[in-house]
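Once you've looked at the hints, dock chain L against the given chain Z.
Read top to bottom, the protein sequences are chains Z and L. Just so you know, we're using the working numbering here: the first sequence kicks off at 1 and counts up by one. Just so you know, we're using the working numbering here: the second sequence kicks off at 1001 and counts up by one.
The hints are simulated quantities; they were obtained by calculation from the structure and are not laboratory data. Hints should not be assumed to be uniformly reliable.
Unchecked claim - Result set (BS3-like, lysine-lysine): computed pairs, CA atoms no more than 27 Å apart in a straight line:
1. Lys1185(L) - Lys1131(L)
2. Lys102(Z) - Lys1248(L)
3. Lys102(Z) - Lys1133(L)
The residues making up each chain are set out below.
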Amino acid sequence: MTGTRAPAYPMPSARRSLRLVQRNAMAYRHAWIAILSGFFEPVFYLGAVGFGVGQFIDSIPYRGAEISYASFMAPGMLAASVLNGALFDGFFGPFFKLNWMKTYEGILTTPVNLSDIVVGEIMWAVMRGTIYAAGFLSVMIALGLVHSAWAVLGLPAVMLSGAALASGAMILTAVTKEISSLEKVMTLVVFPLFLFSGTFYPIYLYPDWLRPIVQLTPLYHSASLLRGLTTGVVDASLLWHVLYLGSMFVICIAVTIRLMRRRFTD
Amino acid sequence: MPDDGVLIHAAGLIKRFGDFVAVDGIDFEVRRGEAFGFLGPNGAGKTSTMRMIGCTSAPTDGLLSVIDMDTVAESTQIKSRIGVVPQIDNLDIELSVRENLEMYARYFDISRFEAAERIDELLEFVQLAEKAKDRVESLSGGMKRRLVIARALVNRPELLLLDEPTTGLDPQARHLVWDRLYRLKQRGVTLVITTHYMDEAEQLCDRLVVMDKAEIVAEGSPRELIVGYCTRDVVELRLSDANRERLKGSVDGLVERVEWLPDRVLLYTETGEATLAAIQDGGIHTETALVRRSSLEDVFLLLTGRTLVE
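If we strip away everything but chain Z, and leave its shape as in the complex, we get (with noise of 0.2 Å):
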């Protein structure tokens, strides 16, 4: 019996990774307020934005297409909100139960382990950002921002982007401590991503030098993807953004379990 032995750890089941749903599920019923929220949010960026400032914009050229600066413009606001709601369920959240509530402390003494944890809050981000998009997808349709059939692929979509943005956001909560590098994520990650990810104008007007620099950001991937969705400019280049976002996914989930194992073995 000498030398160190390497832990095994269980590897995530579906079953219990749903019980961390239910939970948040649960806890949500007290705050059914802050569920709305989530969808007014890139609704309400739709309609001052897309509406208000496309007034004075004919029309955007688009990958050989000419399209509305709304119809440019509603598929960004889609991919945000997806993005907004990966960190609020996949950082925030994670981040105050991880730090403050010890809620993980105590479920860790059930039959639930930690690679169950990070993949059913994963699963809950995807699952209220799939509502929320379905929500604003049609609001989309209604506002004849939607111009092609490729459209019903806009939720798998809008999946892929979720866990894909949503095990990211959970590489942030493995790694802080502090309260306060929430807002450095907010102001110097996010805020950034945001407006400058191909979002509010094609990056095509960006230098050359800065636009590979925006390729290889997350939400450039969403936005692209979706918006060849619902406009119908559909080519190869999609399965590119597919690739990525899945790949994403993949390593993402990997490096959390890792982290969040260090996180509770100091």
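Just chain L now, with coordinates in the frame of chain Z:
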């Protein structure tokens, strides 16, 4: 294989955090149905040991089995059969009292129907039935503690781990918790308790180990420890400086052990009354004198020292 009736078996158990050794090769066995205590000052390694038993922390080395299963390889199965009352209440503050128990039942895969029945029972058991719909934040410290205990019982555990179950509670709340733990023991639930309250250990534990600096320094029933490590009586004296000096000259041979504290002198002897009479007959004036039976606290201080641990 460990003997029948052994619920927890530890051999050469070690927990290290980097260079820091929290638990340094301890051996112990807990038998089914008994109340077993870990006594020791802060930082002695009690909580680290409890977390390893509860499968939330993996041993660095050594052997640890709970209900004949390995705490690392079979943690999920073990967790489904034990209950844990942690040192710090980690109730889910976003849920109500009843929802806390409902959700815990879900974590253990207990059906909603079965859970509803058990929760009614448990809320009665810990006297929180009227608080079922309240938010957790509105509960007093004692109520939160009882809710944590109820939560740990949702899966009808064979083994209940309690890390300092009554720290921070007022005397009424402590006695209520003790009463409930005693009832659980009578129902056959094995209890493992850490504490630094001697009265708690004497009240609850059939057998205990004293831990100090990551090691086990003594083991036995409270009675065995007192008999084994201490005299029957302790005479506590307060003396003037002059009388203190006179006592120093005459006490040798009179008692088994003397402890010179700044404010008091403690004499350890089998015959407290006779010892005190002999001292007073010898012309030493005592400001105050108290003869008492020795307690677990005397053993604890003897084994772990009087130095403050911080």
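Going through the hints against the structure:
no.: 1; hint: Lys1185(L) - Lys1131(L); verdict: 26 Å, holds
no.: 2; hint: Lys102(Z) - Lys1248(L); verdict: 55 Å, violated
no.: 3; hint: Lys102(Z) - Lys1133(L); verdict: 21 Å, holds
In the structure shown, a violation is registered for the earlier hint numbered 2 alone.
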